[in-house]
Amino acid sequence: MYQFNYVRPKSLADAEALLAKADDPKLLAGGQTLIPTLKQRLAMPSDVIDIGSLKELAFIKVEGEAIMIGAGTKHFDVANSPDVKKHIPALAELAGMIGDPAVRHMGTIGGSIANNDPAADYPAACLALDAKIHTTKRLIAADEYFKGMFETALTDGEIIKEVTFPHPEKAAYMKFPNPASRYAMVGVFVAKGPWGVRVAVTGAGQNGVFRVKEMENALAKNWSPDAVASIKVPADGLLSDLHGSAEYRAHLVTVMAKRAVAAAG
Amino acid sequence: MSDLSEQGVGKPVRRKEDFRFITGNGHYTDDISRPHQTHGYFLRSPHAHAKIRSIDTKAVLAAPGVLAIFTGKDIAADKLGGLICGWTVHSKDGSAMKVGPHPVLALDTVRYVGDHVALVVAETHEEAKSAAELIEVDYEELPAIVSLADCEKPGAPQVHPEAPHNICFEWELGNKAETEAAFARATKVVKIDLVNNRLIPNAMEPRAAIGEYDKGTGGYTLHTTSQNPHVARLVLSAFVGVAPEHKLRVIAPDVGGGFGSKIFIYAEETACVWAAAKVGRPIKWTAERSESFMSDAHGRDHLSHAELALDANGKILGLRVKTIANLGAYLSTFSAAVPTYLYGTLLSGQYDIPAIYVEVDGVYTHTAPVDAYRGAGRPEATFLIERIVETAARETGLDPAEFRRRNFIRAFPHQTPVIMNYDAGNYDASLDKAMEIADVKGFAVRKAEAARRGKLRGLGYSTYIEACGIAPSAAVGSLGAGVGLWESAEVRVNPTGNVEVLTGSHSHGQGHETTFAQLVSSRLGIPIDQIEIVHGDTDKVQFGMGTYGSRSGAVGMSAIVKALDKVEAKAKKIAAHLMEAAVEDVVFQEGRFTVQGTDKSLAWAEVTLAAYTAHGFPSSEIEPGLKETSFYDPSNFTFPAGCHICEVEIDPETGVLDIANFVAVDDFGTIINPMIVEGQVHGGIAQGVGQALLELGVYDNDSGQLVTGSFMDYCMPRADNVPSFRLGFTKTECPSNPLGMKGCGEAGAIASPPAIINAITDALGIRDIEMPATPARIWKAIQSSRPRAAAE
Ligand SMILES: Cc1cc2nc3c(=O)[nH]c(=O)nc-3n(C[C@H](O)[C@H](O)[C@H](O)COP(=O)(O)OP(=O)(O)OC[C@H]3O[C@@H](n4cnc5c(N)ncnc54)[C@H](O)[C@@H]3O)c2cc1C
Chain Y
1 MYQFNYVRPK SLADAEALLA KADDPKLLAG GQTLIPTLKQ RLAMPSDVID
51 IGSLKELAFI KVEGEAIMIG AGTKHFDVAN SPDVKKHIPA LAELAGMIGD
101 PAVRHMGTIG GSIANNDPAA DYPAACLALD AKIHTTKRLI AADEYFKGMF
151 ETALTDGEII KEVTFPHPEK AAYMKFPNPA SRYAMVGVFV AKGPWGVRVA
201 VTGAGQNGVF RVKEMENALA KNWSPDAVAS IKVPADGLLS DLHGSAEYRA
251 HLVTVMAKRA VAAAG
Chain V
1 MSDLSEQGVG KPVRRKEDFR FITGNGHYTD DISRPHQTHG YFLRSPHAHA
51 KIRSIDTKAV LAAPGVLAIF TGKDIAADKL GGLICGWTVH SKDGSAMKVG
101 PHPVLALDTV RYVGDHVALV VAETHEEAKS AAELIEVDYE ELPAIVSLAD
151 CEKPGAPQVH PEAPHNICFE WELGNKAETE AAFARATKVV KIDLVNNRLI
201 PNAMEPRAAI GEYDKGTGGY TLHTTSQNPH VARLVLSAFV GVAPEHKLRV
251 IAPDVGGGFG SKIFIYAEET ACVWAAAKVG RPIKWTAERS ESFMSDAHGR
301 DHLSHAELAL DANGKILGLR VKTIANLGAY LSTFSAAVPT YLYGTLLSGQ
351 YDIPAIYVEV DGVYTHTAPV DAYRGAGRPE ATFLIERIVE TAARETGLDP
401 AEFRRRNFIR AFPHQTPVIM NYDAGNYDAS LDKAMEIADV KGFAVRKAEA
451 ARRGKLRGLG YSTYIEACGI APSAAVGSLG AGVGLWESAE VRVNPTGNVE
501 VLTGSHSHGQ GHETTFAQLV SSRLGIPIDQ IEIVHGDTDK VQFGMGTYGS
551 RSGAVGMSAI VKALDKVEAK AKKIAAHLME AAVEDVVFQE GRFTVQGTDK
601 SLAWAEVTLA AYTAHGFPSS EIEPGLKETS FYDPSNFTFP AGCHICEVEI
651 DPETGVLDIA NFVAVDDFGT IINPMIVEGQ VHGGIAQGVG QALLELGVYD
701 NDSGQLVTGS FMDYCMPRAD NVPSFRLGFT KTECPSNPLG MKGCGEAGAI
751 ASPPAIINAI TDALGIRDIE MPATPARIWK AIQSSRPRAA AE
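Protein chains in written order, with UniProt numbering: chain Y, 1 to 265; chain V, 1 to 792.
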């Protein structure tokens with residue numbers, strides 16, 4: 001690790017002020033992505049602003065027909081929240097599939113979607129559930145938020161505060177893990193709610209999470225595994241690496257979508 | 001008083017050493033800090049192949065905390081030798097293998113990503129690492145070759161000028177003419193091409209070293225993660241020339257797994273101990289995991305073509321094999337022996353094969369050195385023979401078990417055409433038992449049931465043999481080894497009757513502190529907590545050869561037995577004197593010396609105390625003290641053998657595989673501690689599952705970069721990748737050592753990969769699938785076999 005200033009703000013407002021002031025700051029939440037990056041000397045921030053213990057960012061609330069999850073909420077807490085389990089069990093299951101117990105006890109939803117790893121799980125849930133990302137500056141719809149591999153709509157000095165997930169009527173997530181990293185090689189989140197039907201795919205796309213409109217249209221007409229069973233996504237634009245070719249990933253998108261619909265009931 | 005009957009040979013005694021390991025009280029090299037210790041960091045090559053035009057180190061010395069920087073030039077100026085390969089293999093034409101020099105730090109050329117360029121020494125690890133970034137190396141990048149298939153081709157980039165076409169040796173074994181004749185007689189020839197995938201060892205504890213120098217005595221001390229500290233000292237002294245042997249103490253304290261990768265003498269510990277004298281302070285280095293990936297010796301990495309000649313009854317007439325074995329960029333300590341004498345000699349498997357001819361090209365590539373890794377040569381041999389035998393069975397329409405039985409060796413000793421002389425075994429017994437445990441009879445029903453659920457089920461066998469207990473010194477000497485492969489033991493009996501056993505074996509996960517103590521307990525009738533197993537320190541222990549090749553039981557414990565024989569003989573002499581009896585009349589049993597036919601007897605501790613008080617000994621006949629040493633040289637290899645049966649179930653839609661059942665029946669001869677043996681088998685199979693399904697070391701063909709440089713891409717087996725194993729044992733005693741032991745440490749890794757691949761190819765109805773058979777590869781195999789199936 002290179003040297004940096006470590007600061008632990010007492011409030012979100014403090015954190016914002018520190019962010020604005022520092023040369024080249026980095027927020028630290030659960031550290032599950034940032035710390036390895038620092039250890040490998042792949043980042044050289046001037047200041048690390050640790051928002052990991054801010055109570056005001058760690059919460060799960062049900063309001064009306066939606067669940068609000070604070071950006072600092074750990075994967076473990078989402079996986080085990082009675083509210084999440086009750087209203088969006090697919091989201092609890094997704095959180096329970098991230099990494100290993102140590103990662104789940106440290107990593108946060110805010111850190112995950114701020115990082116927007118193309119193989120991360122949460123982005124699929126955000127997109128399929130039409131989540132809203134609340135930041136210190138604005139409210140961003142999931143469709144507008146994920147911009148590409150490791151790219152988001154966040155601007156300098158912007159902190160994610162919470163993510164709002166409206167309750168779906170039906171939803172399920174099917175993850176095909178990369179055998180080595182166990183991140184998603186293909187993860188498909190299907191959901192049906194007042195916002196319509198959505199199918200979001202993570203792990204497969206060269207530009208990160210994406211929606212499969214053809215599947216969404218088919219499912220809107222006929223919510224059944226068969227509706228998507230023969231819909232193929234093009235292999236072009238999908239990731240290809242030693243763990244799986246673009247063709248394999250394309251094939252898995254169909255299989256995981258079909259299984260997700262079946263699981264959603 | 002502990003119950004001795006529960007502690008001796010054959011009992012599942014809990015491991016004595018685990019308390020300190022699982023409570024964080026182990027002393028691994030990185031746990032140790034020496035006074036005034038500094039930290040070393042190695043600058044490594046970012047290129048697979050490049051000339052070093054110049055190295056500018058000026059900025060480094062000015063950096064915070066930096067004490068020194070060393071490059072290859074400094075080492076050369078000090079006239080230090082390079083790293084060596086301790087086994088010389090000869091080519092068909094009689095010429096010795098072509099060895100490219102292996103400098104401790106690169107001189108003018110780097111030959112793989114991770115090759116050592118400079119050592120920076122600073123007050124802290126972080127300072128050393130930061131300073132290393134300031135080194136300016138002017139590289140002239142050169143084309144690199146990492147592909148095994150292409151490295152011998154004309155025009156391929158050359159790794160060493162000494163080895164044209166990158167060929168280190170073109171070795172052969174067996175009888176070519178007889179083999180050709182066998183093929184000429186054959187009614188059927190079965191051919192197969194195989195890849196034995198490159199593996200990266202990944203012991204839990206990364207390699208580490210602390211080198212130090214004592215100005216007062218002129219002595220050096222090296223703490224290092226070694227499986228064989230005396231061999232390390234010998235190499236560092238006699239070949240590298242760091243210090244004479246008597247001025248170099250090598251300590252391998254608790255070591256967290258080796259699997260072969262810690263046999264070898266590497267650049268890092270060499271540079272640390274050498275530089276410690278220059279800096280005047282101890283230098284510690286602990287590998288980061290990415291350094292382990294880059295610079296620990298890798299394993300396997302073969303390309304083979306094999307052909308099996310059969311007669312009309314499915315009897316094997318001959319086997320011929322051509323293998324290209326990757327040695328990496330430099331020869332490592334034993335690398336030349338692994339794809340030759342540890343591989344070609346096992347190609348007869350459990351079968352009576354009248355003629356065998358094997359050719360192995362050992363080749364250089366711009367990749368990390370390749371050397372022994374759990375099994376070392378025998379997994380490659382077993383994979384080849386068990387894959388081709390299974391294929392032959394299928395292609396002759398014979399049941400794979402029946403095909404094997406038609407060819408089993410049944411009379412012992414059996415001389416194979418490839419050096420080995422099998423001393424004992426019963427291959428039908430292990431096959432029968434494995435088939436029973438695996439319920440092979442019920443397989444058809446399970447397969448049909450799986451098919452109803454849309455799943456593909458397959459069954460695969462591996463009836464393996466391997467060679468352990470390496471080895472008679474004369475035999476390995478005649479085959480090119482630079483060392484003898486005996487083992488030593490010293491049994492020190494203290495006046496109060498407790499015992500220290502100094503062994504030349506080294507424990508780094510095997511549980512010697514328990515199993516060796518069980519042996520001593522059985523012999524001397526004292527509880528295991530009164531027996532200390534001392535190992536891993538050249539200042540304490542007499543010269544020993546160390547632990548690898550599952551040799552510690554068969555060779556290391558045999559040395560202890562021999563030393564115990566001497567202890568017992570002397571103790572009897574003392575007891576006879578004390579009881580005023582003839583020594584022939586004294587019997588030693590369950591910790592008591594008794595004069596036969598009388599009620600005279602003495603306890604063990606009475607005799608041991610007398611050995612040291614020595615009152616009234618007739619000094620011409622009995623020396624005081626009770627301490628004996630033995631150097632045991634085995635008379636043959638040992639031949640563990642058995643049968644693994646794997647049953648898999650595959651989801652054709654995704655290619656995901658589930659190991660539905662895994663049975664291993666092994667004949668390890670005498671078993672000292674069944675619990676530890678089962679643990680060794682479990683661990684071995686886990687690594688076999690890793691090789692068969694998950695692990696692959698990959699270098700990029702164009703850039704020569706290591707693609708699988710972290711656990712994000714290199715897939716190690718996790719608990720949920722392995723099933724609950726069902727184990728069984730059969731027993732034929734090994735006639736060549738006093739305990740009848742064969743060795744169990746590697747069998748799991750040796751036997752399991754072909755059983756798994758045979759099960760997959762059976763399930764899919766295909767001829768071959770490359771390891772690791774990942775879901776992606778299985779899916780692809782299904783896709784490409786489908787059109788064929790549809791056409792049929
Ligand atoms: C072994 C391992 C396995 C893993 N497996 C998976 C997996 O299977 N699936 C998966 O999805 N993920 C996986 N992860 C990643 C894990 O989920 C991380 O926790 C997550 O990606 C980052 O969250 P964090 O809280 O640790 O963020 P940090 O590492 O602290 O930060 C990550 C980035 O987000 C920024 N950031 C953090 N919080 C905010 C905020 N509130 N607003 C704006 N920016 C912010 C930081 O500045 C930083 O750039 C794994 C990680 C590890 C180490």
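These are computed hints drawn from the structure, not numbers from a lab.
Cβ atoms here follow ideal geometry from the backbone N, Cα and C, with glycine treated the same way.
Hints may contain errors.
[Stated by the list, open to error] If you want the ones that stay clear, here's a sample from chain Y, every Cβ over 10 Å from chain V, calculated:
| id | residue |
| --- | --- |
| 1 | R41 |
| 2 | E158 |
| 3 | P179 |
[Said to hold, decoys possible] Once the Cα atoms are required to be at most 30 Å apart in a straight line, the calculated DSS-like pairs of lysine-lysine come out as:
| id | chain 1 | residue 1 | chain 2 | residue 2 |
| --- | --- | --- | --- | --- |
| 4 | V | K98 | V | K58 |
| 5 | V | K573 | V | K627 |
| 6 | V | K780 | Y | K232 |
| 7 | V | K11 | V | K780 |
| 8 | Y | K232 | V | K58 |
| 9 | Y | K39 | Y | K61 |
| 10 | V | K58 | Y | K39 |
| 11 | V | K58 | Y | K213 |
| 12 | Y | K85 | Y | K55 |
| 13 | Y | K61 | Y | K137 |
| 14 | V | K129 | Y | K26 |
| 15 | V | K447 | V | K780 |
| 16 | V | K441 | Y | K170 |
| 17 | Y | K132 | Y | K161 |
| 18 | Y | K39 | V | K129 |
| 19 | V | K51 | V | K188 |
| 20 | V | K566 | V | K11 |
Okay, the hints, checked on the actual structure:
1. R41: 8 Å, violated
2. E158: Holds, because the least Cβ-Cβ distance between Y/E158 and chain V comes to about 28 Å, which exceeds 10 Å.
3. P179: 5 Å, violated
4. V/K98 x V/K58: 37 Å, violated
5. V/K573 x V/K627: Holds - the C-alpha atoms of V/K627 and V/K573 are around 14 Å apart, at most 30 Å.
6. V/K780 x Y/K232: 17 Å, holds
7. V/K11 x V/K780: The hint is violated at about 48 Å.
8. Y/K232 x V/K58: 59 Å, violated
9. Y/K39 x Y/K61: Violated, at roughly 35 Å.
10. V/K58 x Y/K39: OK: V/K58 and Y/K39 at ~26 Å, within 30 Å.
11. V/K58 x Y/K213: Roughly 60 Å separates the two Cα atoms, so the pair is violated.
12. Y/K85 x Y/K55: 22 Å, holds
13. Y/K61 x Y/K137: Roughly 21 Å between the alpha carbons, so the hint for Y/K61 and Y/K137 holds.
14. V/K129 x Y/K26: 22 Å, holds
15. V/K447 x V/K780: 22 Å, holds
16. V/K441 x Y/K170: This hinted pair is violated, its Cα atoms lying about 45 Å apart.
17. Y/K132 x Y/K161: Answer holds: Y/K132 to Y/K161 is near 11 Å, not above 30 Å.
18. Y/K39 x V/K129: Distance ~11 Å between Y/K39 and V/K129 Cα, so the pair holds.
19. V/K51 x V/K188: 52 Å, violated
20. V/K566 x V/K11: Status holds; Cα separation ~25 Å.
Of the numbered hints given earlier, the model fails hints 1, 3, 4, 7, 8, 9, 11, 16 and 19; all others are met.
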